[in-house]
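J.: Working from the sequences, and respecting the hints, build out all of it.
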Amino acid sequence: DAGITQSPRHKVTETGTPVTLRCHQTENHRYMYWYRQDPGHGLRLIHYSYGVKDTDKGEVSDGYSVSRSKTEDFLLTLESATSSQTSVYFCAISPGVDTQYFGPGTRLTVL
Amino acid sequence: AQSVTQLDSHVSVSEGTPVLLRCNYSSSYSPSLFWYVQHPNKGLQLLLKYTSAATLVKGINGFEAEFKKSETSFHLTKPSAHMSDAAEYFCVVSEAGSDQLTFGKGTKLSVIP
Numbered sequence: 001d002a003g004i005t006q007s008p009r010h011k012v013t014e015t016g017t018p019v020t021l022r023c024h025q026t027e028n029h030r031y032m033y034w035y036r037q038d039p040g041h042g043l044r045l046i047h048y049s050y051g052v053k054d055t056d057k058g059e060v061s062d063g064y065s066v067s068r069s070k071t072e073d074f075l076l077t078l079e080s081a082t083s084s085q086t087s088v089y090f091c092a093i094s095p096g097v098d099t100q101y102f103g104p105g106t107r108l109t110v111l
Numbered sequence: 112a113q114s115v116t117q118l119d120s121h122v123s124v125s126e127g128t129p130v131l132l133r134c135n136y137s138s139s140y141s142p143s144l145f146w147y148v149q150h151p152n153k154g155l156q157l158l159l160k161y162t163s164a165a166t167l168v169k170g171i172n173g174f175e176a177e178f179k180k181s182e183t184s185f186h187l188t189k190p191s192a193h194m195s196d197a198a199e200y201f202c203v204v205s206e207a208g209s210d211q212l213t214f215g216k217g218t219k220l221s222v223i224p
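Keeping their order, the protein sequence lines are chains B and D. For the first sequence, our numbering gives the first residue as 1, with consecutive numbering after it. For the second sequence, our numbering gives the first residue as 112, with consecutive numbering after it.
Just so you know, these hints were derived from the structure itself, not from any lab.
With beta-carbon atoms standing in for the labels, derived distance ranges:
#, chain 1, residue 1, chain 2, residue 2, range
1, B, 51, D, 123, 43 to 53 Å
2, D, 153, B, 26, 11 to 21 Å
3, B, 11, D, 173, 30 to 40 Å
We treat Cβ as the ideally placed atom computed from N, Cα and C, and that holds for glycine.
T.: In structure tokens:
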């Protein structure tokens, strides 16, 4: 799948705990994205990055932060998880203004 | 602002019959349009994309889509459905020169044996 891995693939956590999801790519693409997928909503953009230490907010960024200290890694952090953040999270990469390629997803459940 | 409407949330066809998944879009400028497929518990895979070249776009697994500017549509078709086509399909739009994607809400395709 275009050299993208996500970890963990599944996680169950409790309300109020911090959670970090990792996206790792081997394609050396500049652009990386985090989306969440919820039934009836398609995918919605959380945050994106155009390079190391260059990140910006997407449509549904409240409650999330990101970091990108290396080209290959893009981390998504939920500082204090809430039940509304139960979702499937997808990372995507792109060489530029072009097709995005998606990772396998992380299923997060917040109890 | 761009938007996408997938006109059917669920489509059911018999194996061997044609598939039609409908998508209308709204975009201020010349859009790029994509169809992605998601099989159960999997990531999204690109089926095909339109980027202002030929209006009839051929994708993988026998799918194709036609860009109709006058109708602001980008419907996905396949002449003969296969059981392995059962999945959720997403129509996606981006403005020309932009990397920001807007997803439709998805159409779930069921294929009946």
